[in-house]
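So the sequence lines, in the order shown, correspond to chains G and W. Residue numbering for the first sequence is 1 to 233, as defined by full-length UniProt numbering. Residue numbering for the second sequence is 1 to 233, as defined by full-length UniProt numbering.
Fair warning: there could be bad hints in the mix.
[Claimed, not checked] As a list, the in silico BS3-like pairs of lysine-lysine whose alpha-carbon atoms are at most 25 Å apart:
| id | chain 1 | residue 1 | chain 2 | residue 2 |
| --- | --- | --- | --- | --- |
| 1 | W | K161 | G | K67 |
| 2 | W | K49 | G | K161 |
| 3 | W | K142 | W | K7 |
| 4 | G | K160 | W | K67 |
| 5 | W | K67 | G | K161 |
| 6 | G | K49 | W | K7 |
| 7 | G | K7 | G | K217 |
| 8 | W | K49 | G | K49 |
| 9 | G | K7 | G | K33 |
These are calculated hints, taken from the structure and not from any lab test.
Number of protein chains: 2
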Amino acid sequence: MASRALKYYYDLLSQPSRALYILLEQSKIPYEKCPVALRKLENRTTEFKETINRFGKVPCIVHGDFKLAENVAILRYLSRECPDLPDFWYPRENLARARVDEYLEWQHTTIRAQCAQYFLYVWMTPLLGMELDPAKVERLRKNMADGLDLFQRVWLEDGKKAFVAGERLSYADVLAACEIEQPKCAGYDPREGRPQLAAWMERVRQGTNPYYDEAHKILYKFTPKEIATPTVK
Amino acid sequence: MASRALKYYYDLLSQPSRALYILLEQSKIPYEKCPVALRKLENRTTEFKETINRFGKVPCIVHGDFKLAENVAILRYLSRECPDLPDFWYPRENLARARVDEYLEWQHTTIRAQCAQYFLYVWMTPLLGMELDPAKVERLRKNMADGLDLFQRVWLEDGKKAFVAGERLSYADVLAACEIEQPKCAGYDPREGRPQLAAWMERVRQGTNPYYDEAHKILYKFTPKEIATPTVK
């Protein structure tokens, strides 16, 4: 790692940006912070696309002259490039790694899509001066609620498992928690009525603090006080 | 591998099922074929969910008593479990592996979602005795067409790259091609107007035949003859 600069491009309002930020900070991996303001569309400029990430998204890295997007791909790259990365993030043990991988693939079209779609619609629509369609809000809410119920039931086995891959915290937990934090900002508390999910979120937070709270500080500014962490209903 | 049976659950009408099928067959990995008929909802039974895959989906594997879902997680698991798996599928070289990983993460909400959504709506709606909404067809078609254009431009660099990760075929190509084959079945030829994508599809097919054609035989039965492979418009 030492011979080449690792530049990390991120926005702490982006869920996977927070997950990788927590991993980098907690692991004390030397890197250069390159914040990108999504609200100013800094990620959409021709320059950003040509020199940083051809997809115009964050998070992404530039390591020496190697550019890489997709947070899960970056996690795997760092696990090979940084021999000092603590094993728990992406365990080398075969079955534990497979379970972490299974979650990291599964989440794209479930937890990730469901929470992001609800957040984007409910939070962004009024900001754009448009009216919310109550039927659409309810459809997105139900879709997300079903996904969160499934997460609690299948991945946490209703509290029998401490973390997604078993007894140890991994990157899968941090990515999941960062995603599940997001709809709070749109007034939805994912912990309400889901005590095992709430307890798991607190475990992930405790296991990664002070970086977890630091990463979520900006998000919580936009979150109704009564549901911002660590208050659990 | 030898000491424990590897059972592969799949349906060749499922895009990622075909990709893993091609990998297993071409690599001569010993495994037991366990076909699951999605059209008969065999994947939705309580027994299937309890004993095979808790998410009720294919593809998935049971290796000894270890159950694993998500085709990309299975690829990675097999790359560790099967030392004889040819390197090109999931290259060990760091940067090539990162590029394959980047595609495998990127595709979930782009090529995978776009092609599958078009196929499911256009193909399934009439089978369910319902009428297609032309505006929805057009919206899904445009979304998919934009994704395919982006794939050709960014991943194939308009033909400058032979394969997704560079000069060598990898699992990323096979997964992408199996997905891009699917909308043909609903009468849409992804190769039309995209000569570099068409040439790449043929390279993927040549690089994995006879398994590619074998895996697609059932799909092509439902595909209008004039756009079934290998005829390229």
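Hints, verified against the model:
1. W:K161 <-> G:K67: Roughly 17 Å separates the two Cα atoms, so the pair holds.
2. W:K49 <-> G:K161: holds (19 Å)
3. W:K142 <-> W:K7: This hinted pair is violated, its Cα atoms lying about 39 Å apart.
4. G:K160 <-> W:K67: The hint holds at about 18 Å.
5. W:K67 <-> G:K161: Satisfied, since the Cα-Cα distance of roughly 17 Å is no more than 25 Å.
6. G:K49 <-> W:K7: violated (43 Å)
7. G:K7 <-> G:K217: holds (22 Å)
8. W:K49 <-> G:K49: It is violated: about 43 Å lies between the C-alpha atoms, which goes past 25 Å.
9. G:K7 <-> G:K33: holds (6 Å)
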